[in-house]
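Line by line, the protein sequences are chains G and U. Anchor point for the first sequence: position 274 equals 274 in full-length UniProt numbering, and the numbering is continuous, going up by one each time. Anchor point for the second sequence: position 127 equals 127 in full-length UniProt numbering, and the numbering is continuous, going up by one each time.
Bear in mind the hints are in silico, worked out from the structure with no lab data behind them. Quick caveat: nothing in here was measured; it's all calculated off a predicted structure. Among the hints, erroneous ones may be present.
For identical chains, the list gives no copy identity; a pair is met inside one copy or between any two copies.
[Said to hold, decoys possible] In silico SDA-like pairs for lysine to any residue, Cα to Cα no more than 20 Å straight-line:
(1) K52 with L96
(2) K44 with N21
(3) K148 with Q265
(4) K178 with Q237
(5) K99 with Q238
(6) K207 with H267
(7) K104 with Y146
(8) K179 with S106
(9) K51 with P185
(10) K168 with Y221
Chain residues, written in single-letter form:
There are 2 protein chains.
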Amino acid sequence: MFYIIGLGLGDPEDITVKGLNIIRECDRVYLESYTSVLCCGQEKLEAFYGKKLILADREMVEQRADEILESAESVSVAFLVVGDPFGATTHTDLMLRAKEKGIKTSIIHNASIMNAVGCCGLQLYHFGETVSIPYWDENWKPDSFYDKIVANLKHGLHTLCLLDIKVKEPTLESLMKKKREYMPPRFMSVSEAADQLLQIVAKKSQKEPAADGQRGEHKLYENTLVVGLARVGHETQQILACSLSEMKSVDLGPPLHSLIIPNGQLHPLEVEFLQQFGELNQQKM
Amino acid sequence: MFYIIGLGLGDPEDITVKGLNIIRECDRVYLESYTSVLCCGQEKLEAFYGKKLILADREMVEQRADEILESAESVSVAFLVVGDPFGATTHTDLMLRAKEKGIKTSIIHNASIMNAVGCCGLQLYHFGETVSIPYWDENWKPDSFYDKIVANLKHGLHTLCLLDIKVKEPTLESLMKKKREYMPPRFMSVSEAADQLLQIVAKKSQKEPAADGQRGEHKLYENTLVVGLARVGHETQQILACSLSEMKSVDLGPPLHSLIIPNGQLHPLEVEFLQQFGELNQQKM
């Protein structure tokens with residue numbers, strides 16, 4: 001049997017009882033290396049489970065899946081991932097490979113940021129498409145996520161923005177060498193995300209200055225209400241509701257951060273809930 | 001401290017280790033009665049937790065919240081709900097009341113259908129607004145959810161349809177009496193949902209017969225691919241991908257069921273994954 005087990009939001013105790021029981025009975029347990037960075041770390045998990053874990057980096061998952069799945073027809077193998085197992089396509093691919101080999105599979109679900117964002121009081125049913133905000137560099141400043149946010153606003157929907165994570169990125173210099181060297185992991189903060197969004201807002205308003213703010217259009221403004229979330233589900237969780245321009249200068253502490261762009265027609269209960277997380281600013285929309 | 005603890009998809013073992021530890025240390029533990037119907041039932045949960053549970057029906061949660069929150073400034077009280085704590089507005093309201101009283105609150109997240117639907121292989125990032133399909137009766141046949149599905153299709157997004165649940169509905173006769181009598185609980189099946197959707201499709205095509213299927217419009221057809229899910233996360237989980245008209249005549253067994261309307265531009269990996277769940281039909285879209 002091949003299990004993919006979701007570890008939830010990252011504390012060792014966030015695993016389900018079902019998941020923990022399976023891990024303890026498995027012959028081999030892989031920990032996705034990406035997950036090991038986002039969770040509390042391999043050693044802490046090993047101590048909690050009372051079990052050795054095998055670290056599986058992306059290269060192993062994508063190119064040596066056979067090794068992970070070896071003999072899973074007869075023995076039990078588990079693969080541990082942060083959040084819910086179906087958050088990433090690589091896990092979907094691993095499931096498909098297992099089925100091709102006639103290996104039975106089982107999924108142990110858990111919380112993920114996709115549903116845990118409800119903790120800010122914005123109703124999950126009112127969320128539209130989720131977007132990802134990537135780190136910009138000097139030459140690459142994609143902004144297609146902005147149009148998706150606007151499309152959600154038009155339909156009265158909130159947008160969850162997942163913020164970029166750079167893990168195991170090779171340094172430019174090392175790309176020339178035989179031995180890869182990696183940059184330290186980077187996690188985009190709500191402040192960095194707000195900064196990039198403000199740059200897009202500024203660019204768009206230069207292009208269409210006359211229309212700016214005059215017709216109650218569905219677009220972002222400097223004073224649009226946004227919600228920043230940090231370390232959701234952990235004891236040090238922080239949530240802040242403020243304007244987009246204010247969000248640029250806040251520090252919500254260590255990763256992971258997420259940003260929400262609420263729709264312009266909040267339900268009274270949503271407003272009441274958000275108010276505990278800071279000043280609710282007047283919105284143009 | 002007042003805890004709201006998500007029980008996940010419904011097996012006793014779906015609770016997180018963190019949640020279980022809290023329950024065992026709490027002075028009072030409430031089980032939302034709605035949750036007790038959707039989960040394995042109160043007795044099984046009590047046996048698993050080794051703890052007596054107090055059943056809290058909707059009336060108690062909405063009108064006697066003070067009772068639930070009583071002395072939670074000094075003792076520990078937990079409130080258990082199926083899925084993730086923020087799936088329903090009543091829980092948001094309970095959190096607000098606790099904060100008003102100066103009671104500290106803590107949320108223990110878990111899986112919910114909102115993220116567990118990823119198990120069919122459709123990427124969560126490609127889902128748009130979630131819709132609810134209510135039971136129709138002779139006089140009341142709302143269909144506004146159809147327009148939301150179409151809006152999602154236009155933006156290339158999947159739609160998760162949550163299917164109606166009727167729990168503790170008073171019988172018409174008992175409304176006249178002093179003693180309320182309740183109808184047995186009803187859970188909409190994917191077949192019933194498909195039937196209602198087909199009635200809407202038929203009604204719309206009568207209104208606009210010329211346009212039907214000619215311009216690759218974003219709308220539903222009898223042969224639109226849909227995905228039915230039953231008992232997600234449980235051992236008896238079933239997933240079926242077939243046409244909307246075929247879905248009308250399938251039986252996926254006991255509740256809970258959910259229906260997904262995938263977008264018209266599936267990713268190759270999504271197609272490959274869905275193929276294991278039945279015949280992938282040619283779509284007009």
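Against the structure, the hints:
1. K52 with L96: Cα proximity of K52 and L96: none, with 26 Å in one copy and 43 Å across.
2. K44 with N21: Classified as both; 17 Å inside a copy, 18 Å across copies.
3. K148 with Q265: So K148 and Q265 pass the 20 Å test inside a copy (18 Å) and across (17 Å) alike.
4. K178 with Q237: The answer is neither: 41 Å in one copy and 48 Å across copies each exceed 20 Å.
5. K99 with Q238: The answer is between: 16 Å across copies meets 20 Å, while 41 Å in one copy does not.
6. K207 with H267: Neither way: K207 and H267 sit 33 Å apart in one copy and 34 Å across, limit 20 Å.
7. K104 with Y146: So K104 and Y146 fail the 20 Å test inside a copy (41 Å) and across (37 Å) alike.
8. K179 with S106: Classified as neither; 38 Å inside a copy, 47 Å across copies.
9. K51 with P185: Answer is neither: 26 Å inside a copy and 44 Å across each miss the 20 Å cutoff.
10. K168 with Y221: Neither: 35 Å inside a copy, 46 Å across copies.
Hint compliance for this structure: hints 1, 4, 6, 7, 8, 9, 10 are not met, and every other hint is.
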